[in-house]
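Model the full structure from these sequences, guided by the hints.
These protein sequence lines are chains H and E, in that order. Numbering-wise (full-length UniProt numbering), the first sequence opens with residue 1 and increments by one. Numbering-wise (full-length UniProt numbering), the second sequence opens with residue 1 and increments by one.
Hints are computed from structural coordinates only; laboratory data are not their basis. Among the hints, a few may not be true.
[What the hints assert, rightly or not] Okay, the calculated beta carbon distance ranges per label pair: (1) H/Ala78 to E/Ala4: 20 to 26 Å; (2) E/Ala336 to H/Thr14: 54 to 60 Å; (3) E/Ile351 to H/Gly116: 52 to 58 Å; (4) H/Gly136 to E/Val293: 34 to 40 Å; (5) E/Val293 to H/Glu194: 42 to 48 Å; (6) E/Leu3 to H/Ser178: 45 to 51 Å; (7) H/Ala78 to E/Gly259: 55 to 61 Å; (8) E/Trp7 to H/Arg60: 28 to 34 Å.
[Claimed, not checked] Covered stretches of chain E, going by a simulated chain H footprint (3 or more residues, C-beta under 8 Å): (9) 3-17; (10) 312-323.
Where a beta carbon is used, it is the ideal one built from N, C-alpha and C, also for glycine.
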Amino acid sequence: MTVPAVEAVDVWRTYELDGVSVSALRGVSLTIDQGEYVAVIGPSGSGKSTLMHLLGGLDRPSGGRLVIGGRDVTTLTAPELATLRNETIGFVFQAFHLLARTSAVDNVALPLVYRGVGARQRRERAAAMLGRVGLGHRLHHRPNQLSGGEQQRVAIARALVTEPAVLLADEPTGNLDSATGEAVLELLERLNAESGVALVMVTHDQEVAARAHRRIAVRDGLIRSDSLHDRPASDGSGVPATLDPAPSAEPRSASGSGPGHPPGGSGGATGATGRLPWEDAG
Amino acid sequence: MRLAEAWRVASDALRANRMRSLLTMLGVIIGVASVVILVAIGTGTKQQVEQQVEGLGSNLLLVVPGRIEVGNAPVVSPLDLSDADAVSRVVGDPGRVAVTVASGATARAGNRSDFTTVQGVLETTPSVFTRSLSRGRYLTGADVDTSRRVAVLGDSVARALFPDRDPLGQQVTLAGVRFRVIGVFAPLGQSLGVDRDDEVHVPVTAAQRLWGTQRIDGIAVKAPDRERIDELGDRIVAELSRRHPDTEFSAVTQRQILGVLGDILGVLTGVLAAIAGISLLVGGVGVSNIMLVSVRERTREIGLRKAVGARPRDIGVQFLLEAVLLTSVGGLTGMALGVGTALLVDAFSPIPAAITWWSLALAFGVSAAVGIVFGVVPAQRAGRLDPVVALRAE
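In structure tokens:
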């Protein structure tokens, strides 16, 4: 067993809105191990986006301990956190977030710019990564010259070009039709299997979530269930793993909720067989 | 992020919005160009005037009633020709003393006329002021003594009245009285837009009769000893004050005139530069405005860059460089435009213009500084954006 990629202990995230404090996360504890394939599911307003931002180092917890890549996020300055994101996290967004006037290869090379990699090496590594996602023939196309699926694959290449420990995918198929979405999911799963990057996918789609080896259900700012794929899970409170689509009320009155529940499958050894460490691309 | 990389990103961003970048730059271009042009005109004018005053000779002493200061109104002269004689005695050489009584008058010859300045003078004028003739002769002592109605024409007057004839020996009518042309001055050109060849010299006695006066406007002395010119001036002023106890007199030298004119023209140049500077400032505000728009427009891009590892400083530097690039490219273009226009103005108009290195350095420095000053706020705003919020922006 190696060091966890991300470790959260009793993490809270509270926002101040017009003098009223709203807790989006109310004591979440979980561990993401290297090479895991995790789906985070929950209805809108459940706190799963907040959780994803925290796991990715885009945001800092209001309380609790959050360790990404072995570093405690709460002790880091903004520049240090940016460097941590660059080195440890890869993001894939629902809306792709590609730079419009920039070629595919330069989009993919962007994270390497902030790592201080020279222009030639950046392009070489970006081109190689685009080859791995099946876009070796689209290096100099701009996003508007690519299909939605191709754009998301460029975004995946950008997320992985830095060889991160964790790939965070926020509704990666949300803007794609089902066939294209299926191809993107297969790509993500293949890269997860091949390279050993932990894949954390936020989704509200049960079918997509069902493919992951581990499922974490978030609701009302708490983890309601955390289970391995082949074991249907429910937590002690009896909330079913299958979430109904009803919007959750703002749980401000539920102040009595404790500091999260003990994560059932924390650090679950999810079939790590055949996982390769990220190959040295130097 | 390396600086070269940041430059590339900044110039790419400017190129992506070509029209907007160009219009924003235009404000800076106009500002810098106007600083360069107006300072060049101010400097050129100052240099020209100084050259002309220096051309008077450094031992020239002008004696006038009143006090020579900026803002003082001219004083009615109590001087007459006997005062000129008194000054001659102080100087010890009548050949070094010149007088003038001047007035505007219409000069006519045949059916042509020209409004010009008629100066009543002594025969000593060419040696005191170093004027030379192109044709004929100048006034003589006898002309002055006998109030002879003879005239020496400035080059412009001669051309206006006698465009196709030799003016020598011809009649001109000055303020209704006939004079005979005996000479024509060599041309002097213009100064401060005034034609210095637009004048007619007649004997001071004839001029006084023409206007029915005994007065003269002022006395000029060519000092024999440059070292003691101030002392000579004091003695002349003392003598004139004794003769006219109610009037104050001033004796001014070339150096003093240069000082006063330099002050006036320096203020003029400063005012012109300040006006131009305001337009540069307005250009800077335009840059700031467009940078804020750019930050807002590219909020998602900023969020993405931050997500993949851009530090706040990387984003700030990127936007700051964008602003500096806008203003420095605009500044260089404005400089080129300003220098070109100033050279054209100097070559093809009577307005003199002189390019000075300090005005170029100042204009460029200020435009680059404007970029930094007006780019800092938008850049800081971009750098401090919360990546979570920025990624959600529409």
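Consistency of the hints with the structure:
1. Between H/Ala78 and E/Ala4 the C-beta distance comes to about 24 Å, which sits within the given range of 20 to 26 Å.
2. Under the hint 54 to 60 Å, the C-beta atoms of E/Ala336 and H/Thr14, about 57 Å apart, fit the expected range.
3. For E/Ile351 paired with H/Gly116, a C-beta distance near 55 Å keeps the hint of 52 to 58 Å intact.
4. Remark: the range hint 34 to 40 Å for H/Gly136 to E/Val293 is upheld by a beta-carbon distance near 38 Å.
5. At roughly 44 Å, the beta-carbon separation of E/Val293 and H/Glu194 lies within the given 42 to 48 Å, and the hint holds.
6. At about 46 Å, the beta-carbon gap between E/Leu3 and H/Ser178 stays in the expected band of 45 to 51 Å.
7. At roughly 60 Å, the beta-carbon separation of H/Ala78 and E/Gly259 lies within the given 55 to 61 Å, and the hint holds.
8. The given range of 28 to 34 Å is respected by E/Trp7 and H/Arg60, whose C-beta atoms sit roughly 32 Å from each other.
9. For the region 3-17 of chain E, the proposed coverage by chain H is satisfied: 3 residues have a C-beta within less than 8 Å of a C-beta in that chain, meeting the threshold of three.
10. As drawn, the region 312-323 of chain E meets chain H at 3 residues by the rule of a beta-carbon pair under 8 Å; at three or more, the given contact holds.
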